[in-house]
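With chain C's structure known, arrange chains F, Z and H on it following the hints.
Chains as they are written, first to last, in my numbering: chain C, 175 to 465; chain F, 1485 to 1860; chain Z, 381 to 690; chain H, 25 to 275.
It is possible that part of the hints are untrue.
Simulated crosslink set (DSS-like; lysine-lysine; CA at most 30 Å straight-line) [to be verified]: (1) Z/K486 to C/K262; (2) F/K1595 to F/K1775; (3) F/K1595 to Z/K510.
Keep in mind the hints are simulated off the structure, nothing from the lab.
This structure is a prediction, so every number in the text was calculated from the model and none was measured.
Here's the letter readout for the chains.
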Amino acid sequence: MLAQLLQYLFSGLTIGATYALAALGFTIIYNASGVINFAQGEFIMLGGMLAVYFTDAGLPMAVALPLAVLIPSLAGLLMARLTIEPIKGAETITLIIVTIGVSLVIRGAIQVWLGKGSHGLPAFSGDIPIRILGATLMPQSLWVLGVSALLVLGLWYFFNRTLSGKAMLATSFNRGAAELVGINTGRVLFISFAMSAGIGALGGILVTPITLTSFDAGVMFGLKGFVGAVVGGLGSGLGAVVGGLLVGVIEAFGAGFLSSSYKDAIPFILILFILFFMPRGLFGVKVTDRV
Amino acid sequence: MTIGGIALAIGVMSSAIAADPIKVGSVLSVTGPAAFLGDPELKTLQMYVDDLNNQGGLLGRPLQLVHYDDGSDANKANAFAKRLIEDDKVDFIVGGTTTGSTMSMVPLIEKAGVPFMSLAGAVVVVEPVKKWVFKASTTDRIAAERVLTDMKKHGITKIALLSDTAGFGQSGKAQTELVVAKYGITLVANETYGPKDTDASPQLTKIRNTPGVEAIFVFGFGQGPAIVTKNIKQLGITLPVYHAHGVGSEEFIKLAGPAAEGVRALAPALMIADKLPNSDPQKPVVSAYVKAFEGRWKEHVSMFGGQAHDNFFIVVDAVKRAGTVDKEKVRDQIEATKKYIGTGGEVNMTAADHMGLDMWSLRMLEVKNGAWVEAQ
Amino acid sequence: MIRRYLGLYVVAVIIAVLPFLIPNGFYLDLAIRMGINAVIVLGLNLLIGFAGQISMGHAGFIGIGAFASAVLPTHFGWHPFVALVAGAVLAGSLAALVARPIFRLKGHYLAMATLGLGIIVNIVLRNEAKYTGGPDGMPVPPFTLFGFAIDSDKHWYWIVSVILMVSVWASINLMNSPFGRALRGLHGSEVAAQVVGVNVTRYKVAIFVMSAVFASLMGSVTAHYVGFVSPSLADFGHSIELITMVVVGGMASVFGSLVGAVLLTALPQALATFEGWETVAFGVILILCMIFMPKGLVPTLAARFGGRRE
Amino acid sequence: MSLLSVISLSKTFDGVKAVQNVSFSVEPGVIYSVIGPNGAGKTTLFNLITGIYTPSQGDIRVDGASVIGKLPNELAALGVARTFQNLQICMNMDACENVMVGAHLRLDRNLFKAAFRFPALARRDRALKQEAEDLMRFVGLENYLTSRADSMPYGALKRLEIARALALKPRLLFLDEPAAGLNPRETLDVDGLVRKIADSGVTVVLVEHNMKMVMNLSDRILVMDYGKKLVEGTRDEVRHHPDVIAAYLGA
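With the rest of the complex left out, here is chain C (with noise of 0.2 Å):
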């Protein structure tokens, strides 16, 4: 039984660090900019295709992962420079609307360009599992967790300790206050969307030797990842970490004990007794309407 549990757990987290990840990367543009961003589960998909281009391309490691990072965050700014900065201050739906164009051009591209097949990547240090208390786990989780896990200390040491964090913080605050002290609110866009795009893609990255990845690897990812943001509170960062997790471990162990068929239908019902009685998410800050 402990192990049994301790497998759905261990699957469950893998697999929710990247849902994470995702939740971060929604939490980010979000706070940057109010947009919720439904690309963001493409940028993913373009982090693990073009690293699996690269590296089929010949090109070792080293180089092949850094280039799959940096063009997702390149088409990142792209996409802000060009879509969203045109409309800011647009409805709600409005924006949503452009970013779901945004996942379609993504998506319909790499589709044409590498095809619909599905792609892996072998694993970063072996396919050899490491038994603990009678369940395994795969040395690329520990990839996964571990470099999750770094990249959210950054992001803390990045918003909380720097000035351009700092100047970013501030604008999810109060954008017209951030710009009176003479933050460039533009340039936070921007680079709000280059690294939500960039830490997506690295998520991608790490996934896809366990994960596999096609060109419509992105929509899941996205959806979920959504999921993560509202359950741990939009615009709450550590709130994206926990719910993004959670969303994995429930789904793991929805699977596991309760039903295989209904498992993808699990993490909704959460969100939605989750907006019923608590409609901040776990971490959301309360808003008082001012008139």
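Then chains F, Z and H, alone, in the frame of chain C:
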């Protein structure tokens, strides 16, 4: 060039122009989740339509392929079928990549009366028999029976079924549940996974902890079975693993890596073309298809493209025999197809059987040293 | 006051002459699909455009209606009309049940909740294969009324046209009534609407339920017309398609809904020959529309040419 | 009996005491002003009385009956109307429609009858449009009868809010800084308008910074500072009260 030569050339050209093309309609899932099925299917059709046209067409008329992509959405398939029938006025239709797409087209096709060769997997396409609907490709029931036969032969009586939640797996699951008792086998675990799932270890852990499981039967296609296979290895499960007919491709071995070793899967002869003995009746046709496809598209063949090949040539042969594209006559000739050797096996249609394949048309393959070989 | 209905007359004329202009049954089929989508989009626009509430799971309600019309007559022998009503009641009740808690939420939270609702409906439809045929879907028996089976496209064309005309007329009326003003008012300023006595939650719930019922009814119509249903009707992608129709046509614009539905129903047919690039093309069109006409086609054009509102 | 009684009212936001133990009552037919420096808690007081916030402590009574826990729309049904310091105009609608929304509670709001435009409802709606236009003329918006709200200048929108509130046919009208942001000429007009409203029998409660206007109009005045009641009384009592001079006027 002589004047006669020029006249002849002009004559040939003008007759080619004058002859109305025979229109081949097709709705395939070239994008969306079923894209890796629809893609080789379309490529196969395009290739052979071009081929036939280079050889002078069919009944002296050129062929024209009218193709629409349903994006793996059954509702779109229905609209495109309408377009093929009403607007393009095609002579026959090959396609409907998925069962959902096929079934959404069937009511229109039956009403309009157009010969229809489906490429979908589920048995509902041809059972009950529908006047205009044929499919010369394996059904999930045959696949289930073929796997269960093999299990029985190996003395396996208790199995775990793991099927995907897409149409292929769900229909396969239903068929397996239906016929399993016939082979004296019981399903002691019955789990599913999503076609886009990235991890199936919770389900497999559950299977591992179910007492008495002697083999795992995975019913799915695409990347899912590869992930499942990897997870099985990772969890240290050593039970025999059987896959249905959705994985027999080079891609599967590449994706699953070393975990694929020893896995059994169903596939048509096409997947082991180069290893078939020369005495095998399917040898010429599969070799020719592999050569043509890989030569033109520079990628590995898949059984799905092979199915498109078989279905397309069955209707082409029927048109040749009928000597016309009259829909009723072509339909009758398709139904009269006998001993057609395709990439998927020998097809013998009757009024009661619009599929015409038996369970031995699928070969039981095994991964040995990173390649598919026929299992002993 | 009569000018209010001017657009309606134009629509009526188009509907009346269209059957004489179209070359074959395919275009009739396309017109019927446009009509069905137009009614759904109209209902959704009342919710999104007029009341300012997002629903990203509307396809779920279409799925409920469609499958009610497929499952109940097939497995339980219900009369198709009763099944259609049952579907609408189910969709409406489900909407009412979740609406109350949902409508305390705003913006993105609401988007998330409705998205989740739609996905849950979709998963149920895919999993209950015994009744719904699972992912492959199932055939639908023809719609019968007073012993007549409605199974020709011509019949459906006129039925859908009448539904569309009534919906347009009712929507115009509704939005220019105390009920409609209260809805638009709470979109403009929720607190202002509240202090003049509008029970905002009740109005949001009412319009959400109404648009769910619209969607369910048209889901039933789709099911009977096509003769086949598949769970992809209830897909997230379908929900997005509908929202896109609302936004591209024009939020809070009755005729924008029609234009959006017509254009975006035709677009996949127009892009069908693009072979692989259609996803990209669709995405680019969405982005350009939103950047250059964020208010949508009809309001933007109306503002440019004469500024007359509907 | 007082039309409005506020008894020991307090409101705390995350430990910040925005309103502390404030009591006062408003008699029918008067113009009652609430004044005080920025941040004194005047708007919070309005939000509490009109049901937008729930008080932490104390009681609010309209016609002697407690209205604690009632939603703004329920208060509207009791004849309580208000305007806002930060404009709350529905920019997606016509000016006239904004006013018509104000009459919401007096109309048949049946969805079905509206959709099929029952004749009685249609007639009533046409009459209402006339009524709304009359109200717009009453507040001096005769030039904006067919305007869209988003095309109107700030000063006109402030009046539009008043017209909308009047469409409710209120007994008690709360005006939150009706003259803020207006030039002296416009302020004078608003001064006259408030007087006209009071003369028509509506009890007016006013938050305003323009002292000239307050002193000119008010029957009684409540002075607040740091969320507390400083002084309450007639114009003259307030004008000459040393605390007021110290805390407010003198500063």
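Hint by hint, here is what the structure shows:
1. Z/K486 to C/K262: holds (19 Å)
2. F/K1595 to F/K1775: violated (39 Å)
3. F/K1595 to Z/K510: holds (27 Å)
Comparing the model with each earlier hint shows a violation of hint 2 alone; every other hint is respected.
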